[in-house]
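> Here the protein sequences line up with chains A and B, keeping their order. Under my numbering, think of the first position of the first sequence as 1, with each following residue one higher. Under my numbering, think of the first position of the second sequence as 258, with each following residue one higher.
One thing to keep in mind: the hints can contain errors.
DSBU-like mimics (lysine-lysine), calculated; alpha carbons at most 30 Å apart, straight line [what the hints assert, rightly or not]: (1) A:Lys126 - B:Lys398; (2) A:Lys100 - B:Lys398; (3) A:Lys102 - B:Lys426; (4) A:Lys197 - A:Lys102; (5) A:Lys126 - B:Lys284; (6) A:Lys161 - A:Lys143; (7) A:Lys64 - B:Lys284.
Hints in this document: simulated from the structure, not taken from any laboratory. Note that the structure is predicted; figures quoted are calculated from it, not measured.
Below, each chain spelled out in residue letters.
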Amino acid sequence: MNDSSRTASNILASVLRTLAAISRQVADRFDTVVDFAYVRVLGVPFIVLGYRQTGKTTLINWLKRDKEFLAGFEPEPTAAGGESVPAFTTRLSADGSGMKLKPRRDVGGEYAMWETDWVELFQQTKPRGILFLIDHQNAYQHKDALNFVLQMLDDEESARKHLEMVMILVNKSDLWADEQSLDDLLDNFRNETRRLKSQAERLGYHHEIRQTSLVTEEGVREAMTAFFDAIRPRSQGLPESSDPPPEVKAGANGHKR
Amino acid sequence: MQQLVLEYVIDSPQPGYQFRPPTNGFKEADLRLIWRQAMPRGTGWNGDAYQDARSLKCFALDEGRIAVSLVHVTGEEDELGRRGIRRAEIAVLDNDAYVVFLESLLGRYHESILETANQHIRPYVWKRMLRLIVPRLKAHKQVVLSHPYSGPVAWQVVEVLILRLVTSKTIRLLEGWGAPAPFTTLALDWRDESPIVALPSEKAAQKDIQAIRIP
Numbered sequence: 001m002n003d004s005s006r007t008a009s010n011i012l013a014s015v016l017r018t019l020a021a022i023s024r025q026v027a028d029r030f031d032t033v034v035d036f037a038y039v040r041v042l043g044v045p046f047i048v049l050g051y052r053q054t055g056k057t058t059l060i061n062w063l064k065r066d067k068e069f070l071a072g073f074e075p076e077p078t079a080a081g082g083e084s085v086p087a088f089t090t091r092l093s094a095d096g097s098g099m100k101l102k103p104r105r106d107v108g109g110e111y112a113m114w115e116t117d118w119v120e121l122f123q124q125t126k127p128r129g130i131l132f133l134i135d136h137q138n139a140y141q142h143k144d145a146l147n148f149v150l151q152m153l154d155d156e157e158s159a160r161k162h163l164e165m166v167m168i169l170v171n172k173s174d175l176w177a178d179e180q181s182l183d184d185l186l187d188n189f190r191n192e193t194r195r196l197k198s199q200a201e202r203l204g205y206h207h208e209i210r211q212t213s214l215v216t217e218e219g220v221r222e223a224m225t226a227f228f229d230a231i232r233p234r235s236q237g238l239p240e241s242s243d244p245p246p247e248v249k250a251g252a253n254g255h256k257r
Numbered sequence: 258m259q260q261l262v263l264e265y266v267i268d269s270p271q272p273g274y275q276f277r278p279p280t281n282g283f284k285e286a287d288l289r290l291i292w293r294q295a296m297p298r299g300t301g302w303n304g305d306a307y308q309d310a311r312s313l314k315c316f317a318l319d320e321g322r323i324a325v326s327l328v329h330v331t332g333e334e335d336e337l338g339r340r341g342i343r344r345a346e347i348a349v350l351d352n353d354a355y356v357v358f359l360e361s362l363l364g365r366y367h368e369s370i371l372e373t374a375n376q377h378i379r380p381y382v383w384k385r386m387l388r389l390i391v392p393r394l395k396a397h398k399q400v401v402l403s404h405p406y407s408g409p410v411a412w413q414v415v416e417v418l419i420l421r422l423v424t425s426k427t428i429r430l431l432e433g434w435g436a437p438a439p440f441t442t443l444a445l446d447w448r449d450e451s452p453i454v455a456l457p458s459e460k461a462a463q464k465d466i467q468a469i470r471i472p
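This is chain A alone, in the form it adopts within the complex (with noise of 0.2 Å):
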């Protein structure tokens, strides 16, 4: 290669690379932008699942009223229909900031929902993270409606299409921890958690499984920020405190970004 040729493809080299850097800081800015558009005026699209008693409309109420959770709300059985939730802001984004988040709805969590509520809700969210409640009780219900939200994540395509994390909460870990771990409880969940894993490789989320309690808060917050975190078009970055406890189960795609 002569002078000339060299000199050419080292100015084409640097062409592509001050391109490659103007399209990163567009890419980074429309980000941005993205995030903007979705934590500040149309609210973080999200919803919350899970079979019935584990703490649906409890979880939604706490988002909602964050700081000011009353000890002694009393939830109702979600009615047939669900309830309609109206976008609201929280102060749980990483760095401490309002965050708009618009779970839509709170649908109910027995076998009748399933078919009706969950995907009905599923396909109008079109949700960037799913949040999914299970608890000490009731294993064989809680496998049947997280096989049901998985088949439901295989199926709906075009709702699926935004989503960017999968988290169980492991809730009333404050009747449940003293007596087992978490790695005990997920036992009976294995061939579950493992299609959750593999499902997430397939289709480009991320999972984790945390346990929490909605009556001590112990691990709400925590949860929920890297939740919000994760869903938001563009990470603030978590803060030290926030890291998961050792016995959190990390998703295999780990954290994006």
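Assemble chain B onto chain A, guided by the hints.
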């Protein structure tokens, strides 16, 4: 007339809200719509004030049919002691039968309730309410009515008012003499609710609702 019950079942392998079987004879699409619409919206039905509360909710199905859902807040509790459980008895009627049904309902209220309703809704009050309501209905905007809730018997005055409203000649003329507008006589949230809905005053006292107060 087809009938259906939507209720909360506890002693079952699949507990929770469900249609009482059999549901054959109903189209899948109807069942889905009834499932979604039969219960009045809102939370707080577990409050002592709403024990034994009743709500009448009417909404359209396809082919001109109307579903009439009579909802009752039962005194039941689930395994965790959660209250606010509701039970809906649903009848599906065609348009003509529906109008007759609404008119016959008005005739079933106790004389004292009708009298109280008359006292509440003097002709000038009625005219004033229509002046507020008709433009909203014309513009296809939701009409939210509010009144202090003090129990199921006292709330019957609101039921009478709504039944008069939806069967009124003015409104029906406005609607082209089709089926009376869908309505809910008691809900705890206006969102996802009928074009005409009544809420207890405390539930209507929010910035984003322009409720019409029933005196």
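> Now look at each hint and say whether the structure bears it out.
So, going through the hints one by one against the coordinates:
1. A:Lys126 - B:Lys398: 27 Å, holds
2. A:Lys100 - B:Lys398: 27 Å, holds
3. A:Lys102 - B:Lys426: 42 Å, violated
4. A:Lys197 - A:Lys102: Roughly 26 Å separates the two Cα atoms, so the pair holds.
5. A:Lys126 - B:Lys284: Since the Cα atoms of lysine 126 (chain A) and lysine 284 (chain B) sit roughly 27 Å apart, the hinted pair holds (cutoff 30 Å).
6. A:Lys161 - A:Lys143: Holds: lysine 161 (chain A) and lysine 143 (chain A) sit about 24 Å apart, inside 30 Å.
7. A:Lys64 - B:Lys284: Measuring from Cα to Cα gives roughly 38 Å; hence the hint is violated.
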